[in-house]
Amino acid sequence: MKLMSDRPYSDPEAAARKLIDLAKGIEAVQDGRIHIEKINAPFLFTLKASGAEFGAGIKYAIEKGWMELHESGTYVRLLTPGDDLMSH
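According to the numbering used here, the sequence shown is numbered sequentially starting from 46.
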């Protein structure tokens, strides 16, 4: 049986930091918007994270003021330059 700690994104902060990293690599569309599927797909399929880890990471990033999620749920927007986020 795999332990939860074997999952690199089981910690919401680690998931949030990875999501920010992914979002920083995507060219934003109108008004700084990043379509959520542009970070969702690589997080879930390339990195093999779970939907719960994605949700916890998004929630953590929003609570910390690192990104905002549009009420429609279709895009996010980075709220800070982000380089300082990755230094921890």
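Worth flagging that the hints you see were computed from the coordinates, not collected in a lab.
It cannot be assumed that every hint is accurate.
To be verified - Have a look at the derived ranges for each label pair, beta carbon to beta carbon:
#1 Ile107 - Pro87: 30 to 36 Å
#2 Ser55 - Gln75: 19 to 25 Å
#3 Ile107 - Pro53: 33 to 39 Å
#4 Asp51 - Gly77: 33 to 39 Å
#5 Leu114 - Phe90: 27 to 33 Å
#6 Arg52 - Glu72: 16 to 22 Å
#7 Glu58 - His80: 20 to 26 Å
Claimed, not checked - As a list, the in silico DSS-like pairs of lysine-lysine whose alpha-carbon atoms are at most 30 Å apart:
#8 Lys109 - Lys69
#9 Lys83 - Lys109
#10 Lys83 - Lys93
#11 Lys104 - Lys69
#12 Lys83 - Lys69
Beta carbons: idealized from backbone N, C-alpha and C, even for Gly.
Hint-by-hint comparison with the structure:
no.: 1; hint: Ile107 - Pro87: 30 to 36 Å; in the structure: violated (19 Å)
no.: 2; hint: Ser55 - Gln75: 19 to 25 Å; in the structure: violated (34 Å)
no.: 3; hint: Ile107 - Pro53: 33 to 39 Å; in the structure: violated (21 Å)
no.: 4; hint: Asp51 - Gly77: 33 to 39 Å; in the structure: holds (35 Å)
no.: 5; hint: Leu114 - Phe90: 27 to 33 Å; in the structure: violated (20 Å)
no.: 6; hint: Arg52 - Glu72: 16 to 22 Å; in the structure: violated (29 Å)
no.: 7; hint: Glu58 - His80: 20 to 26 Å; in the structure: holds (24 Å)
no.: 8; hint: Lys109 - Lys69; in the structure: holds (16 Å)
no.: 9; hint: Lys83 - Lys109; in the structure: holds (21 Å)
no.: 10; hint: Lys83 - Lys93; in the structure: holds (15 Å)
no.: 11; hint: Lys104 - Lys69; in the structure: holds (17 Å)
no.: 12; hint: Lys83 - Lys69; in the structure: holds (11 Å)
The structure shown violates the earlier hints numbered 1, 2, 3, 5 and 6.
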